[in-house]
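Turn these sequences into a full structure, and let the hints guide you.
Respectively, the protein sequence lines represent chains A and B.
Once you know that position 228 of the first sequence is 228 in this note's numbering, the rest is easy, because the numbers rise by one and skip nothing.
Once you know that position 200 of the second sequence is 1200 in this note's numbering, the rest is easy, because the numbers rise by one and skip nothing.
Do not rely on the hints blindly, as some may be mistaken.
Covered stretches of chain B, going by a simulated chain A footprint (3 or more residues, C-beta under 8 Å) [what the hints assert, rightly or not]:
id: 1; stretch: 1004-1012
id: 2; stretch: 1027-1036
id: 3; stretch: 1144-1154
id: 4; stretch: 1246-1258
Result set (BS3-like, lysine-lysine): computed pairs, CA atoms no more than 30 Å apart in a straight line [unchecked claim]:
id: 5; chain 1: A; residue 1: K342; chain 2: B; residue 2: K1419
id: 6; chain 1: A; residue 1: K324; chain 2: B; residue 2: K1419
id: 7; chain 1: B; residue 1: K1423; chain 2: A; residue 2: K342
id: 8; chain 1: B; residue 1: K1192; chain 2: A; residue 2: K324
id: 9; chain 1: A; residue 1: K342; chain 2: B; residue 2: K1513
id: 10; chain 1: B; residue 1: K1423; chain 2: A; residue 2: K322
id: 11; chain 1: B; residue 1: K1232; chain 2: A; residue 2: K322
id: 12; chain 1: B; residue 1: K1423; chain 2: A; residue 2: K324
id: 13; chain 1: B; residue 1: K1188; chain 2: A; residue 2: K342
id: 14; chain 1: A; residue 1: K50; chain 2: B; residue 2: K1393
id: 15; chain 1: B; residue 1: K1157; chain 2: A; residue 2: K322
id: 16; chain 1: B; residue 1: K1580; chain 2: B; residue 2: K1556
id: 17; chain 1: B; residue 1: K1072; chain 2: A; residue 2: K342
id: 18; chain 1: B; residue 1: K1188; chain 2: A; residue 2: K324
id: 19; chain 1: B; residue 1: K1072; chain 2: B; residue 2: K1513
id: 20; chain 1: A; residue 1: K322; chain 2: B; residue 2: K1072
id: 21; chain 1: A; residue 1: K342; chain 2: B; residue 2: K1232
id: 22; chain 1: A; residue 1: K322; chain 2: B; residue 2: K1230
id: 23; chain 1: A; residue 1: K342; chain 2: B; residue 2: K1225
id: 24; chain 1: B; residue 1: K1513; chain 2: B; residue 2: K1536
id: 25; chain 1: B; residue 1: K1117; chain 2: B; residue 2: K1072
Calculated from the model, a selection of chain A residues having no Cβ within reach of chain B, i.e. all distances over 12 Å [stated by the list, open to error]:
id: 26; residue: L95
id: 27; residue: I251
id: 28; residue: T292
Worth flagging that the hints you see were computed from the coordinates, not collected in a lab.
Source: prediction; values computed, not measured.
Glycine is no exception: its CB is placed at the ideal position from the N, C-alpha and C atoms.
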Amino acid sequence: MSETNVEIQDLNLTRKDFVPGNEVRWCPGCGDYSVLANMQKTLPVMGVKKENYAFISGIGCSSRFPYYMNTYGFHSIHGRAPAIASGVKLANPELAVWVITGDGDGFSIGGNHMIHALRRNIDMNIMLFNNRIYGLTKGQYSPTSLLGAKTKSSPFGSIDRPFNPSAVALGANATFISRALDVDAKGLQESIKRAQRHKGASFIEVYQNCIIFNDGEFSDVENKATRPDNALFVVHGEPMIFGKEQDKGIIMKDNHPKVVHLGPEWNEKDLLVHDETNQIITNLLLEMTFDTSTPTPFGVLRAVDGPTYDDMMVEQIEQVTKIKGEGTLEDLFYSGDVWEVK
Amino acid sequence: MAKKVIRINDATIRFAGDSGDGMQLTGTRFTEATAIVGNDLKTIPNYPSEIRAPLGTLAGVSAFQLMFGSQKVFTPGDLPDTLVAMNPAALKVHLRDLKKGGTILANSNAFTAKNLKMAGWETNPLEDGSLEGFTLFSIEMSRLVKIALEDSDLTSKGIERTKNMFALGVLFWMYNRPIEPTEEWLRKKFAKNPSVAEANITVMKTGFNYGETTEIFTTSYAVEKAELPKGKYRNITGNVAVSYGLVAAAKKAGKELFLGSYPITPASEILHTLSTLRNHGVKTFQAEDEIAGISAAIGASYAGDLAVTTTSGPGMALKTEAIGLAIITELPLVIVNVQRGGPSTGMPTKMEQSDLLQAVVGRNSDARIPVLAAKDPADCFECAYEAARIAMKYMTPVILLSDGYLGQGSGPWQIPDPKTLPKIEVNHPTSSDRGEDGFMPYARDENETRPWAIPGTPGLEHRIGGLEKENITGMVSQDPENHQLMTDIRARKVDNIKNDIPPSDIHGEPKGKLLVLGWGSTHGVIHVAVDRALAKGKSVSQMHLRWVSPFPSDLKAICDSFDEILIPEVNSGQLALLLKGELARKIHQLNIVRGEPFRASEIEDKINEILG
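Below, the structure is given as structure tokens:
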């Protein structure tokens, strides 16, 4: 797997280096705190200079994130962060560019920029805080709210079919897709590390609890007691096993994923093995997202190589310069039919 | 029979035909030959917004007009002296503009019953005597071309397509232009297909010889070289000139140029031109939409590039929120609006000056922005350069207004010596600019501009964004006093640009009865009208604004030196509206919105009406 071009070196950075002095102003108990803490813990060990990180966000609760990272940061306008981040990366490919967005910012008003940034495979990391609700505007349904969700703007239940964001990312041909839980530090850190190292556009979907307007939305997987039976943590090359007793697995039946119990009838060899480079497997995992008969998949769902826009831009400039020579203003000005008045 | 050569001062020619007849190309080739002869000139294309409207229909007529002369030429001409009409529809659409006694060159083979009917002619105008007031050359171009290319291996369709070169050849003879540059150009263009090149050259020569030998032509015209300032020249369109101005500014500032754009008529040529310049380090990003175009540019500016976005009116509407972001984050950005007729989709290929208010005041909140406007195609170079210089000097987005008439029209450009272009100094703070209390992203210099600290600089990590920031520290602030302060500073920054505007030029006397005040692409036509009035002894002068926000500091004093003020605009009175507040006096207006420029006679009539 090819790695990002961002320079990696031994640096003596700690979490403290990434914590600015200002007060964090999310609601007490918000899932965003955990994501922030894990970002601040993970970045120091990535070997990237602090000044080379740029965090770009749009509008929404999660988009306050850049103010809480002691790096370069740009809190922009609603939905446009992937487009702004694209310009940042193309202007300076040395930067490690992160986009922080939410389900409204990234998949409603900014849906267009999201799919195109992923499609172009510009080397940046897009982290989506999916809480299935509009928090900052105080509780309207979002494009990821489930059908029937009762919110301020859907008092009789939402009739608005939701996106499955990671499936949209796959549809946009994203080269890296992972899903993590706000309460799962290990999974979050793994996703952050892998995304930062991945060359190309990385998409991380974080299931994040909004304690005020949508509390408990993900309780089946957030609750430690029920999580093992409802969440499937996939590992590349490993069979798909889950359950409190690690006694359940996923097989393929009639071209659909199906849960089986390990025992006399089924053993590990019968199970599907995760392959993050295989689009069919990624698709299959994403199909399990809304299927109540199967667990919700987490982990790195997809990681493949693909040409990046930023690399190709640099290469094209080099190639054309090699053929035509470095352009001067004289070359440019005199490129038409020139005549002289004496 | 020896043919007469008559010397004339200037001529206006319009090439008109079906969209597929190659009229833009024919006009461009005539223009290049005319430039090489040393005439001054201006051109303007006029084409339908449909790519290929049905053949032979009025909707499908495409035209190209140029005026050239032995003196300074300010406009592409009002009414043509000569009209080339390749089919009945072209004649139908353009005949009403032809000067009395003007010349018509028509391809009579295209005047079939079917084509005549489609164009709405009841009888054939080439034969029914209705064109008696004109000098008509009805030529069987299609048939003559077929004969000339008898031995060619081109298909009959391919042969028919060369007929525009026949018309061009006739005109080259008629106006004593050299055919060699076009010959050379054709060989280069069709290098991979020499038989096509040779066929076109043969046809062009056939046309030229047809003029020289047939007896229907008795007279040709000569236009002497124009007295232009010494130097090297090339012909340039406004859109190419904008592109070059931006590249020049980037190089002089030691910056890479980044363009975030989305294709839109009539601005796309800037994207096309800049995308060919990879070896100049130019990065062009064709975004998914207008908003992404400007957003990517803002990102690139934040990261240290000279960033630009280009569009036309509807695209400006979409970019509006992001322009506000560039204003509040105080990032340099050049926004080019090549205006077209509106509202909404409006008339994409027609010109208008109606986005002035949108540029100056069209945003939520108190969000002032510097706005300048180019006056002719060559001026687009200087304006783009100046827009970039001011954007970086004052850390602000700048709007450059062009329009379809400038962007796609052309004229000679005196090629500047790159060494003499104004200096552009850019200073990015470094780690050593970090004070004891940390880096202050909204600290102010003598122009009240903030530092352009770019990501990757150790020790200057800071956050910017669309939320109001505390002055100096850049911390998020909702403090009432601070918001007042920041709003005032942002406005003062725009006013400070007045210090960079040189004293205004006045054409004519510095005081008198009437000042004709304009902005943008009306410069040439106002100039011609004012010259005509001056020749008749009228007390009239011209002032033309490059900066429309802020206004130059001498504007009021100049206006006060005249009894009356006339503002002609190709909109419903937008500069007049802005100036009513500024000048607090009566203003005469002349406004048209027909999707086409003024005619000099319209402005001249208005001048006469006011001065009596």
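Verification of the supplied hints:
Evaluation of the coverage hint for the stretch 1004-1012 of chain B: breached, as 0 residues show C-beta separations to chain A shorter than 8 Å, against a requirement of three. Counting residues of the stretch 1027-1036 of chain B whose CB falls under 8 Å from any CB of chain A gives 3; the rule of at least 3 is met. Given as covered by chain A, the stretch 1144-1154 of chain B fails the check, having 0 residues with a CB less than 8 Å from a CB of that chain where 3 are the minimum. Coverage of the stretch 1246-1258 of chain B by chain A holds. Counting CB-CB distances below 8 Å, 5 residues qualify, and the rule asks for three or more.
Only pairs whose Cα atoms come within 30 Å are accepted, and K342 of chain A paired with K1419 of chain B is accepted, the gap being roughly 21 Å. Between K324 of chain A and K1419 of chain B the CA atoms are separated by roughly 22 Å; this keeps the pair inside 30 Å, and the hint holds. Simply put, K1423 of chain B and K342 of chain A have alpha-carbon atoms about 28 Å apart, close enough for the 30 Å limit, and the pair holds. The straight-line distance between the Cα atoms of K1192 of chain B and K324 of chain A is roughly 20 Å, inside the 30 Å bound, and the hint therefore holds.
A hinted pair counts as satisfied when its Cα atoms are at most 30 Å apart, and K342 of chain A with K1513 of chain B does not qualify at roughly 39 Å. Between K1423 of chain B and K322 of chain A the CA atoms are separated by roughly 29 Å; this keeps the pair inside 30 Å, and the hint holds. For a cut-off of 30 Å, the pair hint linking K1232 of chain B to K322 of chain A stands: about 29 Å separates their Cα positions. A C-alpha spacing of about 27 Å is found between K1423 of chain B and K324 of chain A, which places the hinted pair at or below 30 Å, so the restraint holds.
For the hint pairing K1188 of chain B with K342 of chain A, the CA-to-CA distance comes to about 28 Å; that is within 30 Å, so the pair holds. Taking the CA atoms of K50 of chain A and K1393 of chain B, the gap is near 29 Å; set against the 30 Å cutoff, the hint holds. Restraint check for K1157 of chain B and K322 of chain A: the C-alpha separation of about 41 Å exceeds 30 Å, so the hint is violated. About 11 Å separates the Cα atoms of K1580 of chain B and K1556 of chain B, which keeps this hinted pair within 30 Å; it holds.
Distance check on the hinted pair: K1072 of chain B and K342 of chain A sit about 16 Å apart at the alpha-carbon level, within 30 Å; holds. Distance restraint check for K1188 of chain B and K324 of chain A: the Cα-Cα separation of roughly 18 Å lies within the 30 Å cut-off, and the hinted pair is therefore satisfied. Distance check on the hinted pair: K1072 of chain B and K1513 of chain B sit about 26 Å apart at the alpha-carbon level, within 30 Å; holds. Between the alpha carbons of K322 of chain A and K1072 of chain B the distance comes to roughly 42 Å, so the proposed pair goes past 30 Å and is violated.
Our distance criterion of 30 Å between C-alpha atoms is met by K342 of chain A and K1232 of chain B, whose separation comes to about 9 Å. Between K322 of chain A and K1230 of chain B, the direct Cα distance comes to roughly 35 Å. Violation of the 30 Å bound is thereby established for this hinted pair. With a C-alpha separation of about 11 Å, the suggested pairing of K342 of chain A with K1225 of chain B holds against the 30 Å cut-off. For a cut-off of 30 Å, the pair hint linking K1513 of chain B to K1536 of chain B stands: about 14 Å separates their Cα positions.
A C-alpha spacing of about 42 Å is found between K1117 of chain B and K1072 of chain B, which places the hinted pair above 30 Å, so the restraint is violated. Distance to chain B contradicts L95 of chain A as a non-interface residue, since its nearest Cβ pair spans about 6 Å, not more than 12 Å. No beta-carbon of chain B comes within 12 Å of the beta-carbon of I251 of chain A; the shortest separation is about 40 Å. Listed as a non-interface residue, T292 of chain A keeps its Cβ farther than 12 Å from every Cβ of chain B; the least gap is roughly 35 Å.
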